[in-house]
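Chains B and A, in that order, are what the protein sequence lines are. Quick note: the first sequence, position 224, residue 224 per my numbering, numbers continuous. Quick note: the second sequence, position 33, residue 33 per my numbering, numbers continuous.
I should point out that these hints are in silico values taken from the structure, not numbers from a laboratory. Do not take every clue at face value.
What the hints assert, rightly or not - Away from chain A, derived, C-beta distances all over 12 Å, residues of chain B: (1) Gly67; (2) Arg70; (3) Asp111; (4) Ser153; (5) Ser262; (6) His266; (7) Glu270; (8) Ala272; (9) Val286; (10) Trp306; (11) Asp370; (12) Leu389; (13) Tyr410; (14) His414; (15) Phe416.
Claimed, not checked - Distance ranges between label pairs, derived from CB positions: (16) B:Val343 - A:Gly82: 48 to 58 Å; (17) B:Pro254 - A:Gly82: 16 to 26 Å; (18) A:Ala89 - B:Gly17: 31 to 41 Å; (19) A:Gly51 - B:Glu385: 20 to 30 Å; (20) A:Gly51 - B:Tyr92: 33 to 43 Å; (21) B:Gly158 - A:Ala44: 19 to 29 Å; (22) A:Leu96 - B:Gly331: 20 to 30 Å.
Cβ atoms here follow ideal geometry from the backbone N, Cα and C, with glycine treated the same way.
Take a look at the letters that make up each chain.
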Amino acid sequence: MSRATHLDRLRERLVKGGRRAPFLALSGSGQLGNGVLETAFRAGLERRPHSIGADMGSVDPGPNYLGSGRMAASDTIARQDLALLLEGARAYDIPLLVGSAGTAGARPHLDHTLDLVRAIARERGLHFRLASIAADMPREVVKAAIRRGEVTSIGAIGALTEADVDAASHLVGQMGIEAFQRALAMGADVVIAGRACDTAVFSAIPAALGYPIGPAMHMAKIIECCSIACMPGGRDAALGTLDDLGFTMESLNPARHATPLSVAAHSLYEQADPYTVSEPEGTLHVEDARYTALDEHRCRVEGALWVPAARPSVKIEGATRVGERALLLAGCADPAAIARIKVILPEVEQVVRGIVAGDYRMYFRVYGIDGVVDWPMPPASPPREIFILGEVIADTTDLAKAATTVLKQYLLHHGFPGRVSTAGNVAFPITPPEVQTGTAYRFSAYHVMQVDALEPLFPVAIEDV
Amino acid sequence: MKLVDCARVIRSKNAGPTTLTLDLMFEDDRRFRLAQASPALTPAALAPLYGVPAASVHVIAYAPAFAIKIVLPRTTIAGDPGDRDVYGAQQHGPLLGVEL
């Protein structure tokens, strides 16, 4: 006999005679694996929420994690955070949804996160139905979509080619609420998902129970970064309370206040468009959202609208190896060298290329001049010191090392007009000053793909642990 | 008046690896309106600060937060070889000298 799912039980508890009681969504972490603040999370559990969600990944840390299959967080803290959430969820029998497992949400990240979850369950004697949802895009599906003209670039990236699809070391799609709802309908207590929309882990359950999707999505968008939407901002767990008209946002740290201004401002965060948020199943419109203070700690939000998509779409992300990377770390406090550094560096690069044959690329950031921002104009006055970060990308580790070590030596002793410091042009802060950092990747896919159905792209696997 | 003396927040961040978004937030409606009306915060005035074409710069006012959003393409995709700022969190510098 099959047991009732969390969705069945929540529907029975919350939905009576067509009316819905307030739904409490606990946001445990916006970056699971970087340390969950326990006091606020436990305060959230005391409110007996109806769901616990946590986001574990992002495209923000760059292409290395998606490319390499490795997790940005340390195993130690990822395990500690997962254990805190799993124990809390199981103690009160609350469904737990984790999205973008292991930073980038491809198969290796998902498998590694599932291994951590199983190990925690074994150690602590926890038993539950575990669903995992893969987010790796079948390459043939993406290539067929390219041929049909159904893949479009997001921002300043070129059109995706079939060769890009083949070359990507991992290619994932962001799942929406549909995949989580399917896992919950299969009786899952805990859902660990590959790459997912940040909003899905918080909105999938209320949307399945019939709460209006507009406010549910808007709530998800606001609570997904926990207390960042507060004044002062922080990383403590946050609670969203959703009803048929809107939601209330509050931090579970009493020192962080969700104000109309701080919550409205969060609608801007990491968004190119403050008025709309595109999801696989539709678009959230917050143009008409109203933000009002319930008291000094809580903000009430109403008025978000949801427009279902005529056809679903998936944001796809891919990363491709570009070569092996080595770095040179060098400082300089010589005024003559600093004044001429933008000439010296290409001169030294030419010397290196005369000595080290082969195909490699060399990049320089000069901190003090243009290390952080690619300023269109030089600084008004030269800095007292500069720091030079040399980057070499080559096909082999050996070649990257060869170019970097020759660069080091010839930069140190390069002659130039007006040179007074003839024993060496640069200061090395450490030894060796050349550092090999392993394989380098770049984002090769950041595109939207139109699809006929989401379900086949995000398969659910169930196991009882 | 300098933008840095008028705004409460001047921040930058990626909106995905291909796009940079700069948020200007103001204390009140008066300062927000003042900035919104300034010719210094138009795409034509902002584009040279970042060395990008004016047509690629978008300026969007968001009154509920007394905020103005500036959106521009990243000249290097986040994390590509040679990138300077993977998260895009330190690209607000060119705005600090803006005179409203």
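- Message: Hint by hint, where does the structure go against what was stated? Just the numbers, ascending.
- Response: Of the numbered hints given earlier, those the structure breaks are 1, 4, 5, 6, 7, 8, 9, 11, 12, 16, 17, 18 and 20, listed in rising order.
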